[in-house]
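Go ahead and model the full structure; you've got the sequences and the hints to work with.
Take 383 as the starting number for the sequence shown in the numbering used here and just add one per residue.
The hints are simulated quantities; they were obtained by calculation from the structure and are not laboratory data. Bear in mind that the values here come from a model prediction, so they are computed numbers and not experimental data. One should not assume that every hint holds.
[To be verified] Cut-off 25 Å, straight-line C-alpha distance, at most; resulting in silico cross-link-like pairs (SDA-like, lysine to any residue): (1) K464 with W416; (2) K655 with I572; (3) K623 with A613; (4) K632 with V576.
[As the list claims (entries may be wrong)] Distance windows between CB atoms, simulated: (5) E524 with L468: 37 to 47 Å; (6) M402 with E495: 36 to 46 Å; (7) A557 with N513: 16 to 26 Å; (8) L418 with L441: 54 to 64 Å; (9) A557 with M402: 29 to 39 Å; (10) A589 with L465: 44 to 54 Å; (11) N616 with I415: 38 to 48 Å; (12) R531 with F454: 20 to 30 Å; (13) A434 with V640: 28 to 38 Å; (14) G450 with A659: 45 to 55 Å; (15) V656 with R479: 39 to 49 Å; (16) V640 with N616: 21 to 31 Å; (17) A425 with T473: 20 to 30 Å; (18) G507 with G445: 14 to 24 Å.
Even glycine gets a Cβ: it sits at the ideal position worked out from N, Cα and C.
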Amino acid sequence: MTRSAAPVFKTSSRIGLYAMPLLLVLLAIAVSIWWLIASNMAAKEFDRIRSAEATRGRLWSCGEIAMGGFPFRIEAECRQAKLMVLGDHPTTITANRYVVVSQIYQPSLLLLEIDAPLSVTGANGSATTVNWSLFRASVHLESSLEADRISLEANDVIMKPSAQNEAAQFAHFEAHFRKRPVETGSSSDIEFSVDLSKALLASLGGAAFDGHVSGRVDQGVVFLEQMGPPALENWRKAEGKLVIDQLTMKRGDQHLSVSGVVTLDEQRRPSGKVDLAATGLRDLLKQTDM
Numbered sequence: 383m384t385r386s387a388a389p390v391f392k393t394s395s396r397i398g399l400y401a402m403p404l405l406l407v408l409l410a411i412a413v414s415i416w417w418l419i420a421s422n423m424a425a426k427e428f429d430r431i432r433s434a435e436a437t438r439g440r441l442w443s444c445g446e447i448a449m450g451g452f453p454f455r456i457e458a459e460c461r462q463a464k465l466m467v468l469g470d471h472p473t474t475i476t477a478n479r480y481v482v483v484s485q486i487y488q489p490s491l492l493l494l495e496i497d498a499p500l501s502v503t504g505a506n507g508s509a510t511t512v513n514w515s516l517f518r519a520s521v522h523l524e525s526s527l528e529a530d531r532i533s534l535e536a537n538d539v540i541m542k543p544s545a546q547n548e549a550a551q552f553a554h555f556e557a558h559f560r561k562r563p564v565e566t567g568s569s570s571d572i573e574f575s576v577d578l579s580k581a582l583l584a585s586l587g588g589a590a591f592d593g594h595v596s597g598r599v600d601q602g603v604v605f606l607e608q609m610g611p612p613a614l615e616n617w618r619k620a621e622g623k624l625v626i627d628q629l630t631m632k633r634g635d636q637h638l639s640v641s642g643v644v645t646l647d648e649q650r651r652p653s654g655k656v657d658l659a660a661t662g663l664r665d666l667l668k669q670t671d672m
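Have a look at this one:
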């Protein structure tokens with residue numbers, strides 16, 4: 383009679399039960415550390431940009447700054463925002479709140495949203511209030527952390543100056559700016575395209591119109607480095623010029639088309655050649671001495 387072998391019981395390892403939760407905990411810690419480092423770098427970059435702007439006569443300030451967006455975004459929220467533009471005609475711009483957002487996997491692209499209203503006050507105390515239902519922008523940064531592309535979009539915009547009845551409004555506004563592409567180095571020329579739809583200007587009267595303008599500003603970066611008359615003088619000395627590829631305005635059977643090149647002479651007077659074609663605008667052109 384043979385004896386049967388006693389059964390052997392294997393003790394299963396419990397490491398597999400804890401491996402996945404442990405990996406998730408380590409991943410959460412790594413993401414948290416990554417976000418803290420990225421948000422700290424974003425805050426320092428925010429301060430660097432404000433310092434650079436201050437040297438150009440533009441003073442940005444916030445009553446309160448809050449950082450958020452964990453885990454995959456960096457959000458900088460500025461409350462009681464103020465921009466003071468120095469120069470011969472100082473201007474103060476205030477807004478209740480704006481938010482700058484950047485994805486941690488694409489830090490070179492910044493998204494901006496501003497809450498209405500916006501208030502613009504001049505040195506003489508004149509003020510303009512701007513309201514909208516939507517205002518957002520995107521800014522793309524090049525390797526030097528300077529903006530090379532900016533896009534703006536706004537809906538239902540109403541501008542109301544306090545000193546006079548010269549309100550303006552438009553249903554949609556869209557603008558795009560970018561440094562002119564070059565094969566090597568960085569360009570100082572800025573290309574632009576601006577569109578308005580259902581715009582109303584008190585000075586023009588009548589029904590709403592649609593408008594478009596596109597072209598470029600040669601040496602536009604030089605112009606933006608300072609504010610006021612010094613900016614115009616530096617731009618003129620750098621042989622800056624405004625190239626209008628296309629400017630159009632349409633309102634019913636009325637149509638205006640403009641193209642040309644404009645520079646500044648030594649007295650800072652506009653100089654150049656502009657081609658204008660108009661249909662159904664005789665009375666308006668007479669009013670404006672054109």
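How the hints compare with the structure:
1. K464 with W416: Cα-Cα ~31 Å, so violated.
2. K655 with I572: Holds, because 20 Å separates the two Cα atoms, which is no more than 25 Å.
3. K623 with A613: Holds: K623 and A613 sit about 13 Å apart, inside 25 Å.
4. K632 with V576: Cα-Cα ~14 Å, so holds.
5. E524 with L468: 37 to 47 Å: 27 Å, violated
6. M402 with E495: 36 to 46 Å: Given about 38 Å between the Cβ atoms, the range holds.
7. A557 with N513: 16 to 26 Å: Taking Cβ atoms as reference, A557 and N513 lie about 18 Å apart, which means the hint holds.
8. L418 with L441: 54 to 64 Å: Violated, since L418 and L441 (Cβ atoms, about 29 Å apart) do not stay within the stated range.
9. A557 with M402: 29 to 39 Å: 50 Å, violated
10. A589 with L465: 44 to 54 Å: Violated: the Cβ-Cβ distance is about 35 Å, outside 44 to 54 Å.
11. N616 with I415: 38 to 48 Å: Given a distance of about 45 Å, which is inside 38 to 48 Å, the answer is holds.
12. R531 with F454: 20 to 30 Å: The hint (20 to 30 Å, Cβ to Cβ) holds, given that R531 and F454 are roughly 23 Å apart.
13. A434 with V640: 28 to 38 Å: Check passed, 35 Å falls within 28 to 38 Å.
14. G450 with A659: 45 to 55 Å: Given range 45 to 55 Å: holds, Cβ gap about 52 Å.
15. V656 with R479: 39 to 49 Å: 41 Å, holds
16. V640 with N616: 21 to 31 Å: 26 Å, holds
17. A425 with T473: 20 to 30 Å: At roughly 27 Å between Cβ atoms, T473 and A425 fall inside 20 to 30 Å, so the hint holds.
18. G507 with G445: 14 to 24 Å: 22 Å, holds
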